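Protein chains in written order, with my numbering: chain W, 8 to 160; chain V, 8 to 160.
You may find that some hints are simply not true.
In this list, chains with the same sequence are indistinguishable; a pair is considered to hold if it fits within one copy or across any two.
[As the list claims (entries may be wrong)] Here are the simulated DSSO-like cross-link-like pairs (lysine-lysine), alpha carbons at most 30 Å apart as the crow flies:
#1 LYS104 with LYS119
#2 LYS119 with LYS65
#3 LYS38 with LYS104
#4 LYS140 with LYS104
#5 LYS104 with LYS49
#6 LYS104 with LYS65
#7 LYS38 with LYS119
#8 LYS119 with LYS49
#9 LYS40 with LYS119
#10 LYS49 with LYS140
#11 LYS65 with LYS38
#12 LYS140 with LYS38
#13 LYS49 with LYS38
#14 LYS65 with LYS49
Simulated from the structure, these hints should not be mistaken for lab results.
None of the values given here were measured: they were computed from a predicted structure.
Protein chains: 2
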Amino acid sequence: MKQFSVIHNTFVIERHYPTTAARVFAAFSNKEKKRRWHVDGKGFAIDEFEMDFRVGGKEIARFRYENGPQITVDTVYQDIILDNRIVFVYSMRVGDKTMSSSLTTVEFLQAKNGTDLIFTEQDAFFDGIDNVKGREEGTRAALEQLGEVLGNE
Amino acid sequence: MKQFSVIHNTFVIERHYPTTAARVFAAFSNKEKKRRWHVDGKGFAIDEFEMDFRVGGKEIARFRYENGPQITVDTVYQDIILDNRIVFVYSMRVGDKTMSSSLTTVEFLQAKNGTDLIFTEQDAFFDGIDNVKGREEGTRAALEQLGEVLGNE
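Next comes chain W alone, as it looks inside the complex (with noise of 0.2 Å):
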């Protein structure tokens, strides 16, 4: 077996939310409504999250789930579209190994009565320690959450 791999990995997932552009956009431009959605959840303990969201500015996670070693997740904003599309890169890491990383494009349509998101995710998994299947999962998820969030607003 060899002692690094890489596996690469494409996923989208569409969904609509019932708002404008601008109400979706902002969960993600707005360090407290992303935070919301992306960051909180049920057995994780938050340590460290910032944001700078414009091109080339960085956002910092750092979080543990249940009894887990701390993981961060490093992202660097690549475009920035008001309004229209985001797109960014991200690294997950504990300690000093990097598990995976990311380019992330996500798209806002006007649409009838609401928004259509397109997030494409690009991946590449090192050496067996994140999987595939979970990522998607994990992003369905959370992009189920931003729809309650933005349903409660």
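Mind docking chain V on chain W? Use the hints.
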């Protein structure tokens, strides 16, 4: 026609170089060596090339091709395993307009009589400015150039 659009694409290029993984890796990690095959080329005027080769470190290249506009390539290193793997994101921009963002994984595998390189690029091309086919062709040409530079060392 939509004002904003994205095309996602992944390509993989495999190359064999008849030298050690350490030497091929150094052609990516050493600024002067990298410049020789990655930046310099006929018809290109290089305005800036700086690199900070460490996880989280940035690389910036600014160049013009013939009489074209200045193009900026912003790179951020995501994962580095000495002589084994390099992962980076890069975005190409003209002014404040992003043409593309790419997640690139370079794997260096010890092989019989040399090194097998696996170059995987996961691309997002924006608003029809850049093109899928040209990117893969350009990358193939650069990796060919890398072979020549390694042969002449």
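Results of checking the hints against the structure:
1. For the homomeric pair LYS104 and LYS119, the shortest alpha-carbon distance between copies (29 Å) is at most 30 Å, but the shortest distance inside one copy (45 Å) is not.
2. Taking the shortest alpha-carbon separations for LYS119 and LYS65, neither the intra-copy value of 34 Å nor the inter-copy value of 42 Å comes in at or below 30 Å.
3. Taking identical chains as interchangeable, the C-alpha atoms of LYS38 and LYS104 lie at most 30 Å apart whether they share a chain (26 Å) or sit on different chains (24 Å).
4. Taking the closest pair of Cα atoms, LYS140 and LYS104 come within 30 Å of each other only inside a single copy of the chain (21 Å); across copies the shortest separation is 34 Å, beyond that limit.
5. In this assembly of identical chains, LYS104 and LYS49 lie within 30 Å of each other by CA distance solely inside one copy; the values are 25 Å within and 39 Å between copies.
6. Taking the shortest alpha-carbon separations for LYS104 and LYS65, both the intra-copy value of 19 Å and the inter-copy value of 19 Å come in at or below 30 Å.
7. For the homomeric pair LYS38 and LYS119, the shortest alpha-carbon distance inside one copy (28 Å) is at most 30 Å, but the shortest distance between copies (51 Å) is not.
8. Proximity of LYS119 and LYS49 under a CA criterion of 30 Å is satisfied in neither setting, with 34 Å inside one chain copy and 51 Å between copies.
9. With identical chains, the CA atoms of LYS40 and LYS119 are at most 30 Å apart within one copy only, with a shortest distance of 24 Å there and 54 Å across copies.
10. Taking the shortest Cα distances, LYS49 and LYS140 sit within 30 Å of each other inside one copy (20 Å), while across copies they are farther apart (45 Å).
11. In this assembly of identical chains, LYS65 and LYS38 lie within 30 Å of each other by CA distance both inside one copy and across copies; the values are 12 Å within and 24 Å between.
12. Taking identical chains as interchangeable, the C-alpha atoms of LYS140 and LYS38 lie at most 30 Å apart only when both belong to the same chain, with a minimum of 28 Å there against 38 Å between chains.
13. For the homomeric pair LYS49 and LYS38, the shortest alpha-carbon distance inside one copy (19 Å) is at most 30 Å, but the shortest distance between copies (46 Å) is not.
14. Proximity of LYS65 and LYS49 under a CA criterion of 30 Å is satisfied intra-copy only: 25 Å inside one chain copy versus 35 Å between copies.
Checked against the numbered hints above, the structure breaks hints 2 and 8 and satisfies the rest.
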